[in-house]
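Per our numbering, numbering through the sequence shown is continuous, rising by one, with the last residue being 159.
Quick caveat, the hints were computed from the structure, so don't treat them as lab data.
Keep in mind that the hints are not guaranteed to be accurate.
Said to hold, decoys possible - Ranges of calculated distance between the beta carbons of each label pair, as one might list FRET restraints:
no., residue 1, residue 2, range
1, Ala46, Thr147, 38 to 48 angstroms
2, Arg21, Asp80, 18 to 28 angstroms
3, Ala25, Val51, 14 to 24 angstroms
4, Leu119, Val97, 26 to 36 angstroms
On a predicted model such as this, the values are computed, not experimentally measured, just so you know.
Note that beta-carbon positions come from the ideal geometry of N, C-alpha and C, so glycine has one too.
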Amino acid sequence: MTPQNAHESNEAGTALVSDARWAAAITASRAHTDARWVEISDRMRARALRVTRRSLPITAQAPSGPVHVSEQVLITYLRDALTAVPGARVDDIIIAVGAQDAYAGITVAISARYGEPLLPIADAMRDLAAARLRDLLGDITPPVTVTTMEVHIDDVLEA
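Required output: the full structure, derived from the provided sequences and hints.
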C-alpha cells in the first residue's frame, strides 16, 4: 500500500489506514534491523572467498626442476607490469598454452590514448612482458617476439 492510496476507502466506506498508523508502519520498517545480518554477510563472504577459479597450469623452469604456475598468476603479474606503459590501458590478457602445459604465446588487448604512436607502445609492452615472463617462468620458448605476442588495439582513450 502506498501513501497515495492510504486514504482511499474500501467498499464499506471506512478508511483503510489512518495517518498515524501509516506513519508508525513507515518508521517501524525503516528502524528494523535483522540482528543476524552480520553473521549472514560474513558467511556469504567466506563462501565467495572459498570459490576457486579454474586456471591452466603453465610449466616453469625452477633451479630444482620444472614446476607449474597458474595462468591466473601469470596474468596478474603481467597486468601489473604492463600498467607501466604510458598512453595505454590493458583490457585483457590471454595466454596460449601448448603441449605439456608449455607457454606458447600471449595476446594483450589494450586501449590506447588517441594520437599516441602505437608501435612504441606495443614494443614497450613486449619488452615488459618478456622480462616478467622470464622472471616467473625462467627461459621461455618461444621467446616473446612480434609473432608470439600479439598486442591488439581494442579501444581508443581520450587524449
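(message) Please list, smallest to largest, the hint numbers that this structure does not respect.
(response) Those not satisfied are hints 2, 3.
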